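Peer 1: Taken in sequence, the protein lines are chains A and B. As numbered in numbering that gives the first Met the number 0, the first sequence has no gaps in its residue numbers, which increase by one up to the final residue, 222. As numbered in numbering that gives the first Met the number 0, the second sequence has no gaps in its residue numbers, which increase by one up to the final residue, 134.
Since the hints were made in silico from the structure, they are not lab data. Among these hints, one or two may not hold up.
[Stated by the list, open to error] Below, a sample of chain A positions facing chain B; criterion: calculated Cβ distance under 8 Å: (1) Asp-77; (2) Leu-80; (3) Leu-110.
Just so it is clear, the structure is predicted and the values come from calculations on it, not from any experiment. Backbone N, C-alpha and C fix where the C-beta goes; we use that ideal spot for every residue, glycine too.
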Amino acid sequence: MYIIVVGAGKVGWNLARELLEKDHEVTLIENNRRRYLTVEQELEHNVSYGDASELWVLERAGVQRADMVIAVTGDDEDNMLICQVAKEKYLVNQIIARVNNPRNRQHFDLLGIKPSVSATDLILRLLEHEVPEYGLVHLLDLQEEQLEIIEMLLGSDSAVTGRRVGDLQMPEGSLLISVLRAGKGFVPTADTVLEEGDEVLAVLDPGKEDDLKTLFGPKSNGA
Amino acid sequence: MLREGHEVSCLDEDPESHARLEVGLEKSWEDLGGQFTVGAGLETEALVAAGIERADAFIASTDGDNTNIVIAQIAQKRYEVPTVIARVLDPLRAEWYQRQGLNTVCPTSVAIDMLETAVRKGGEAGPPDGAAEAA
Chain A
0 MYIIVVGAGK VGWNLARELL EKDHEVTLIE NNRRRYLTVE QELEHNVSYG DASELWVLER
60 AGVQRADMVI AVTGDDEDNM LICQVAKEKY LVNQIIARVN NPRNRQHFDL LGIKPSVSAT
120 DLILRLLEHE VPEYGLVHLL DLQEEQLEII EMLLGSDSAV TGRRVGDLQM PEGSLLISVL
180 RAGKGFVPTA DTVLEEGDEV LAVLDPGKED DLKTLFGPKS NGA
Chain B
0 MLREGHEVSC LDEDPESHAR LEVGLEKSWE DLGGQFTVGA GLETEALVAA GIERADAFIA
60 STDGDNTNIV IAQIAQKRYE VPTVIARVLD PLRAEWYQRQ GLNTVCPTSV AIDMLETAVR
120 KGGEAGPPDG AAEAA
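Please build the complete structure, drawing on both the sequences and the hints.
Peer 2: Put into structure tokens, the structure is as follows:
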């Protein structure tokens with residue numbers, strides 16, 4: 000594949016290096032002269048100097064024949080517009096944009112820049128995954144398909160431990176897809192009995208998290 | 000535009016910019032019906048505070064092309080402001096975005112035209128208001 004990476008910071012430089020090792024053709028574009036000269040010592044002709052938000056710079060890098068454009072500069076506006084132009088003007092098949100400020104993600108979505116990657120969001124997800132008191136962990140958002148996959152750890156106080164899957168009144172628009180028990184995963188049947196310490200995965204329509212939390216969470220009085 | 004009786008709201012990151020608005024005015028910006036909000040154009044809260052939701056026209060004229068193009072598209076697509084204009088210094092992109100349906104004004108092209116005209120006339124007949132010097 001021919002891949003253009005914009006921004007030779009730590010992310011862009013290492014990404015370009017990895018992609019080259021995987022035998023892709025890569026052009027890395029950097030608009031800071033000093034940074035460009037540093038990176039050029041290692042990546043040589045695979046680095047190009049210029050501001051990729053200017054059309055001629057992208058054209059000089061051969062954007063017309065690029066299979067993928069990845070914008071990972073430290074500036075969200077730059078990343079948005081580089082990807083927008085790559086996709087809409089040069090009809091590049093695949094774009095990936097880095098989101099520096101998670102609050103700007105809505106703007107990426109508005110301009111149709113997908114997928115966008117935010118380190119802050121990724122770390123937050125990881126944090127939620129590592130810190131169990133969050134209860135319910137988002138594993139995957141399938142935005143186009145309008146589905147989410149979540150994980151829940153069943154504590155000793157969970158209302159569903161000891162119950163058959165077939166007896167659970169799963170909220171409409173949700174489905175239990177697997178159970179992780181003692182390091183092994185399996186697809187539950189109606190006869191599977193849930194145990195304390197099980198990690199259950201469910202796929203659901205967006206907005207159903209609270210219903211599931213109520214069902215799988217701690218027993219409330221009288222329930 | 001304020002003098003013509005329009006309601007004008009300015010959004011700027013720098014609180015000091017307010018003073019610039021009042022240069023040459025007989026009364027304060029607010030007394031004349033103007034509004035001034037401190038904030039960044041990419042912050043939706045700031046845009047809303049500046050009144051974007053009821054604006055008839057929106058002009059993005061910061062000193063950054065990329066910022067202007069992004070904010071103008073937000074005004075157009077999210078807030079559906081009827082008239083949106085972006086200042087874009089880069090003539091190539093000004094032209095392309097114009098063709099994509101985003102109104103752009105390119106001061107570079109305008110200045111080039113003026114300078115060319117001035118050169119052809121031997122430098123004599125610049126625009127009456129001295130805009131050629133300012134450009």
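Peer 1: For each hint, tell me whether it holds in the structure or not.
Peer 2: Evaluated hints:
1. Asp-77: At 6 Å from the nearest chain B Cβ, Asp-77/A passes the 8 Å test, so the hint holds.
2. Leu-80: Given a least distance of 5 Å, the restraint on Leu-80/A holds.
3. Leu-110: Constraint on Leu-110/A satisfied, holds at 6 Å.
Every hint, counting from the list given before, is met by this structure.
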